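A.B. asks: So the protein lines, in turn, are chains A, B, C and D.
With positions in the first sequence counted from 1, the corresponding number in my numbering is that position plus 202.
With positions in the second sequence counted from 1, the corresponding number in my numbering is that position plus 202.
With positions in the third sequence counted from 1, the corresponding number in my numbering is that position plus 202.
With positions in the fourth sequence counted from 1, the corresponding number in my numbering is that position plus 202.
Be aware that one or more of the hints could be misleading.
Note that the list lumps identical chains together, so a pair holds whenever it fits in one copy or between two copies.
Claimed, not checked - Below, simulated DMTMM-like cross-link-like pairs (lysine to aspartate or glutamate); rule was C-alpha separation at most 25 Å, straight line:
#1 Lys381 / Asp582
#2 Lys204 / Glu261
#3 Lys485 / Asp274
#4 Lys316 / Glu355
#5 Lys269 / Glu355
#6 Lys440 / Asp275
#7 Lys485 / Asp502
#8 Lys595 / Asp508
#9 Lys248 / Asp502
#10 Lys345 / Asp502
#11 Lys485 / Asp445
#12 Lys248 / Glu233
#13 Lys323 / Asp502
#14 Lys589 / Asp406
#15 Lys204 / Glu355
#16 Lys533 / Glu572
#17 Lys415 / Glu349
#18 Lys323 / Asp275
#19 Lys269 / Glu233
#20 Lys440 / Asp556
Keep in mind the hints are simulated off the structure, nothing from the lab.
Treat the numbers as computed from the prediction; the structure is a model and nothing was measured.
What follows is the residue order along each chain.
Protein chains: 4
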Amino acid sequence: MKQVRVGLVGYNFMGRAHSNAYRQLPFYFPEAKAMPVMKVLCGRTKDRLAACAEQFGWEGIETSYKKLLERDDIDLIDITSPNNQHVEMVIAAAEAGKHVFCEKPLATSLADAKQALAAVKRAGCVHMICHNYRRAPAVSLAKRMIENGDLGEIYHWRAFYLQDWLMPPDVPMMWRVQKRIAGSGSLGDLMAHSIDTALWLLGDITQVCSTMKTFIKQRPQLSSFDTGLGGKADAGAKMGKVDVDDGVTMLAEFANGALGTFEATRYAAGRKNYNTFEVNGSKGSLVFNLERMNELEYYDCASPTDRVGFRVIQASHESHPFMAAGGDPSKGPRYWPVAHIIGYEHTFINTVADLMTAVATGKPVHPSFEDAVRTQAVLDACERAHKARAWVKVSK
Amino acid sequence: MKQVRVGLVGYNFMGRAHSNAYRQLPFYFPEAKAMPVMKVLCGRTKDRLAACAEQFGWEGIETSYKKLLERDDIDLIDITSPNNQHVEMVIAAAEAGKHVFCEKPLATSLADAKQALAAVKRAGCVHMICHNYRRAPAVSLAKRMIENGDLGEIYHWRAFYLQDWLMPPDVPMMWRVQKRIAGSGSLGDLMAHSIDTALWLLGDITQVCSTMKTFIKQRPQLSSFDTGLGGKADAGAKMGKVDVDDGVTMLAEFANGALGTFEATRYAAGRKNYNTFEVNGSKGSLVFNLERMNELEYYDCASPTDRVGFRVIQASHESHPFMAAGGDPSKGPRYWPVAHIIGYEHTFINTVADLMTAVATGKPVHPSFEDAVRTQAVLDACERAHKARAWVKVSK
Amino acid sequence: MKQVRVGLVGYNFMGRAHSNAYRQLPFYFPEAKAMPVMKVLCGRTKDRLAACAEQFGWEGIETSYKKLLERDDIDLIDITSPNNQHVEMVIAAAEAGKHVFCEKPLATSLADAKQALAAVKRAGCVHMICHNYRRAPAVSLAKRMIENGDLGEIYHWRAFYLQDWLMPPDVPMMWRVQKRIAGSGSLGDLMAHSIDTALWLLGDITQVCSTMKTFIKQRPQLSSFDTGLGGKADAGAKMGKVDVDDGVTMLAEFANGALGTFEATRYAAGRKNYNTFEVNGSKGSLVFNLERMNELEYYDCASPTDRVGFRVIQASHESHPFMAAGGDPSKGPRYWPVAHIIGYEHTFINTVADLMTAVATGKPVHPSFEDAVRTQAVLDACERAHKARAWVKVSK
Amino acid sequence: MKQVRVGLVGYNFMGRAHSNAYRQLPFYFPEAKAMPVMKVLCGRTKDRLAACAEQFGWEGIETSYKKLLERDDIDLIDITSPNNQHVEMVIAAAEAGKHVFCEKPLATSLADAKQALAAVKRAGCVHMICHNYRRAPAVSLAKRMIENGDLGEIYHWRAFYLQDWLMPPDVPMMWRVQKRIAGSGSLGDLMAHSIDTALWLLGDITQVCSTMKTFIKQRPQLSSFDTGLGGKADAGAKMGKVDVDDGVTMLAEFANGALGTFEATRYAAGRKNYNTFEVNGSKGSLVFNLERMNELEYYDCASPTDRVGFRVIQASHESHPFMAAGGDPSKGPRYWPVAHIIGYEHTFINTVADLMTAVATGKPVHPSFEDAVRTQAVLDACERAHKARAWVKVSK
């Protein structure tokens with residue numbers, strides 16, 4: 203069994219989710235072609251870093267990512283640091299001869315994303331962007347069905363990623379609302395997920411128009427450390443300027459002729475993690491909602507007229523992607539029997555499983571940085587369209 | 203009790219729905235300030251007209267709408283003829299001194315709509331456009347809650363009206379797919395409903411961008427009479443050109459600062475009459491779906507953190523709009539006890555009830571032709587935006 | 203066209219629902235073999251009776267049902283008086299040579315029900331019991347599918363009819379909580395519906411066990427007239443003893459080998475008119491919920507393993523029972539296009555349509571009084587089982 | 203940090219789920235008062251045992267549970283062997299001075315269960331039965347709300363645990379359909395879960411009546427090893443006799459006056475893991491469905507009349523049981539942010555967290571073996587009632 207020695211940068215929300223994936227891979231994917239060795243957790247605040255490393259199961263720590271890259275006992279660098287650090291780290295990692303796995307977004311601009319891609323191509327390393335929702339089994343099932351032609355010609359795509367956590371005016375100036383660090387707001391954080399899924403399921407987007415809006419323009423400065431999930435500002439804290447979009451809406455045209463509608467916001471009261479899409483084709487439709495991620499709704503036009511309807515597929519059966527032990531439905535379930543549901547974290551485990559295969563075999567894995575650049579090009583077009591107040595073409 | 207003598211033009215889908223409303227008003231609204239007398243049904247094909255008049259309960263018939271207008275025993279003209287005839291009839295009716303009730307759309311162009319409005323204003327008659335969905339009790343409840351401030355500042359509106367009946371390529375060249383008669387396709391037929399609701403609930407739309415698309419560009423010509431619901435083309439029928447939009451997507455900005463997303467299509471497999479909207483505000487959210495029109499989903503941000511969630515209001519209780527006998531909750535239900543649901547047709551009954559009040563009192567009723575012009579202005583902007591490939595302002 | 207002259211006894215909740223059905227039959231069923239003439243409304247309180255007759259559309263009134271029966275211009279007697287008057291009226295009507303339509307329950311005891319049945323059999327008249335929910339199109343669709351073998355061998359039936367209107371302690375001593383008038387509480391009012399549906403869909407029930415319970419044993423006496431929907435008691439009203447069941451639970455065994463679970467209550471907070479059933483068979487399952495009565499959920503075991511699931515059939519298409527104009531799917535919808543939903547009242551219209559056919563043709567119609575006796579036998583067994591604290595056989 | 207050295211018996215479905223819980227405890231509950239050390243995995247088939255031990259993360263193996271008990275480096279014995287071996291192992295473990303955690307059911311008869319309880323009481327060890335669904339956060343939230351009085355007086359309980367995996371006639375004679383090993387069928391496997399939850403949420407059940415049924419009475423013998431999840435029989439395999447219940451229905455009376463309805467089956471087509479309950483009280487209702495285990499539906503009678511309804515609580519917020527890091531809502535989420543859902547396996551992690559506290563502190567933990575005996579007493583009553591065809595009292 204090949205071993206892949208991992209160095210992970212970042213220990214907050216995403217660092218934790220990635221750690222869990224490495225930790226659980228041997229348990230759920232004993233047939234994997236390579237297994238991660240949780241070698242080094244890297245971060246800046248030593249005490250907290252050490253505590254996290256122990257909690258998550260990492261062998262050691264580094265407080266400098268440059269030192270991490272110098273180590274020759276690391277095969278793969280996994281980057282979950284704030285968005286604005288991704289590109290620099292990706293390039294350095296590639297140049298250091300490491301494989302690279304990067305939490306989305308790859309960059310905070312299209313130009314930067316292309317640089318990152320160029321670097322990994324030069325290096326010839328394995329590169330993967332973490333768009334984990336592709337590997338929710340229900341989403342992978344949607345992919346399989348669309349590729350199989352079950353939906354026929356695609357007419358419509360509509361996707362929403364709605365949350366509401368930013369609505370309270372006392373949520374502070376965390377990094378996610380600062381353009382310098384995050385790149386954008388709902389656009390890059392949420393709609394990027396929908397775009398990645400759309401590109402995967404339907405293919406290229408050619409043109410977009412959009413609008414972006416900041417609803418609450420000032421928020422209290424954080425005095426304490428930003429954990430990535432926020433924290434509280436002190437009473438009487440100074441106010442900072444929110445310079446990212448709170449909400450964004452976008453129309454799109456796909457190369458295949460379909461019309462697309464997208465929306466992402468952090469201001470949809472009651473929508474907690476409502477990442478949903480619907481695809482309508484000439485032969486049927488599919489609906490997905492991340493809050494019920496074990497289900498996929500499917501409408502099959504070929505059903506008899508008097509008994510046609512949207513059905514709820516419990517996409518947790520061994521016949522569904524990622525759900526069979528060893529990938530073989532006859533061996534029973536990988537996780538648990540059907541409808542003994544899995545959760546958010548399992549999308550990362552499935553992702554890392556395929557990443558390991560890529561490292562073991564050297565074959566490309568998707569979403570690659572090329573895919574990341576395609577997504578970034580749509581994000582870029584969305585911002586340009588917003589400024590132009592007009593439809594713009596997506597860069598190739 | 204005042205009596206309002208009605209002449210109805212058209213006996214197809216909408217003519218039937220309006221007839222039922224007049225017929226049922228005394229049964230459900232015995233307290234109405236005026237009662238309709240079903241005087242004359244007007245149409246062109248005499249045999250079918252006579253049969254319909256008997257079936258629906260009209261006293262007599264006329265095969266010429268001009269003759270209908272000459273009669274002095276008619277107080278109110280109700281127009282449900284094909285879209286391109288509305289304006290001419292409205293103007294003639296107003297000039298003949300009749301009150302006017304017109305099925306949506308008022309016109310097939312903004313200019314025409316304004317002419318129709320000018321005519322009724324000159325005449326000083328009661329004028330009402332039939333956007334019946336406003337008076338689904340759940341939608342009226344949404345209006346009451348928003349007006350009451352229950353949603354706070356509004357951030358987002360998203361509305362879809364999705365159907366799928368036009369998908370089969372053998373659906374023929376009925377009038378609904380001919381621009382000359384229908385004015386537009388999904389835009390005027392479906393999205394117009396969403397726009398009317400949006401304007402009512404949130405207020406003016408200032409700018410839009412959009413795209414419109416025809417997916418199947420040729421359809422077989424109908425040899426037989428077009429009943430409004432279609433019919434079949436003969437095998438080997440000649441093909442005609444579809445020149446209206448099959449699907450339309452639109453972004454909007456509201457005067458109140460909210461972002462809007464709209465979509466209408468006849469190509470969403472499995473969506474039969476999926477007219478749905480969601481409003482997100484600083485204090486809560488509302489969701490409506492016409493296919494479950496007795497329900498309104500409500501999220502109240504003020505609920506305790508550990509028990510907050512979208513609730514399904516059974517909007518068929520006597521405390522809800524239109525649902526109490528005589529409008530008085532203490533008198534019990536107007537229709538049936540709570541959750542003994544009402545249907546599509548009752549939205550027309552509720553509409554006609556308010557129309558009768560307007561005729562009896564002479565006070566304006568909404569949606570008036572002024573409201574119709576506002577909706578038409580958005581439709582107009584949508585078409586302009588589509589051509590301009592850019593955001594355009596909505597005309598005032 | 204044959205005309206059936208109707209005399210209706212009762213003008214409260216059910217009298218109103220039946221009146222609407224006669225009133226609307228010509229509008230929706232122009233092809234009916236016979237048409238009702240709304241001849242006489244019969245009740246005891248003259249002023250209110252006259253007002254209702256006018257509102258509902260009856261030609262005349264009678265304040266004595268005996269006088270009504272003496273009239274020779276009445277063909278059909280429709281009985282919606284309080285439960286304890288049904289049998290006496292049925293027998294008298296049959297003996298007077300009238301056809302008989304009776305609101306459920308036929309009687310307040312099995313013995314009485316049998317007497318009523320014997321009377322109509324002696325008279326040779328048409329007899330029908332009003333279990334209107336059979337003719338919700340979705341329920342009739344369930345019948346068609348089960349008869350067609352689509353569910354295979356039936357294993358399980360579970361049915362609930364849950365309401366909550368009786369929960370407030372200040373709801374007064376209306377007739378529905380008095381055994382002398384109502385016969386029973388939730389059992390005869392609610393579970394009777396579930397039993398009728400079960401017998402229709404699955405066939406005979408052979409044995410039952412049960413328990414019945416009164417949660418609130420005293421309620422304030424009504425000083426004013428009981429409208430059937432309740433009303434308020436005066437402050438300080440004397441308390442009366444509730445002697446019917448508030449809630450009842452029952453297990454059943456069907457002749458076909460299936461296991462049945464039933465529950466009915468007026469104490470299920472939040473359940474307004476939650477009349478629901480689920481049938482599980484070897485080939486599939488069906489789920490119905492009256493609050494969403496235009497939908498039928500269907501699970502088809504024959505679907506491919508990776509895309510099997512409960513689908514929501516919009517049972518409002520012309521291919522569904524009662525939904526096509528003239529009963530012919532090629533003629534389009536009877537009511538409105540698919541998913542332009544119908545409501546509670548339409549189940550009565552569909553019922554009366556078949557009643558008219560029976561009167562016109564003299565052929566039996568279901569549910570007949572024989573069916574009513576079968577339902578009453580199960581109610582009777584339920585009460586005996588409750589007292590015996592054991593399984594009991596259902597009388598034949 | 204106290205360490206608890208665990209020996210786990212069994213490596214199939216439940217052995218795997220328990221292993222994962224120990225494995226993940228440090229990751230999710232770093233604040234735990236004691237941490238498990240995954241010392242020994244015990245089973246009979248050495249090769250497979252060794253493979254599982256490596257995959258799951260156990261330090262070593264034993265092929266004899268007696269040898270396991272003799273080891274002095276084991277503090278806690280966890281038993282997930284087939285049902286009929288539980289009691290013997292529990293007694294031996296207690297006598298060997300170990301703490302005992304046992305997968306449900308504790309025994310295959312009430313008498314045996316009481317012996318097991320007596321043994322742990324004699325030994326004074328920590329004892330816990332694994333009814334993991336109690337610790338689905340939504341179920342624990344239900345408990346908190348009921349204890350808090352939010353539902354008022356409880357009137358009704360209805361619970362179903364429906365599956366369909368046993369329907370195909372070629373599913374072989376696995377141990378779950380053999381009374382000798384499993385004790386019972388749906389009753390002990392599925393309804394036991396519902397009973398445990400009911401006893402926890404509502405308190406004692408005093409009397410029950412029931413029926414139990416075997417729908418398919420013969421199944422092919424398994425030639426190969428029974429993995430616990432089944433496997434296939436050879437073509438032409440001899441047939442064996444199924445002597446457990448495929449489906450069971452039960453009525454219950456609770457000591458608090460509530461009426462209960464229970465049903466469990468493996469023959470409900472389309473229901474995969476449909477473990478659901480509804481509680482109706484004088485102040486509100488709750489509904490839970492394991493297939494959407496992150497949600498809890500709640501109806502609050504105190505909501506204003508015109509906006510009351512069942513709400514869907516996303517029970518994955520840090521304000522919900524088990525969901526806050528370190529148990530402290532101000533520290534953010536334990537697992538992931540709200541509506542980034544957790545799955546089946548996390549109910550075991552939560553369970554083991556409380557087990558560790560019990561071992562660390564010596565304080566009792568629930569569900570204890572006393573709770574297990576209470577559940578077993580209801581199962582026993584259910585079987586007696588089935589035979590007696592009458593209501594029977596639950597033993598104390």
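A.B. asks: Quick one: which hint numbers does this structure break? Sort them smallest to largest.
C.D. replies: 3, 4, 5, 6, 8, 9, 13, 15, 16, 19, 20
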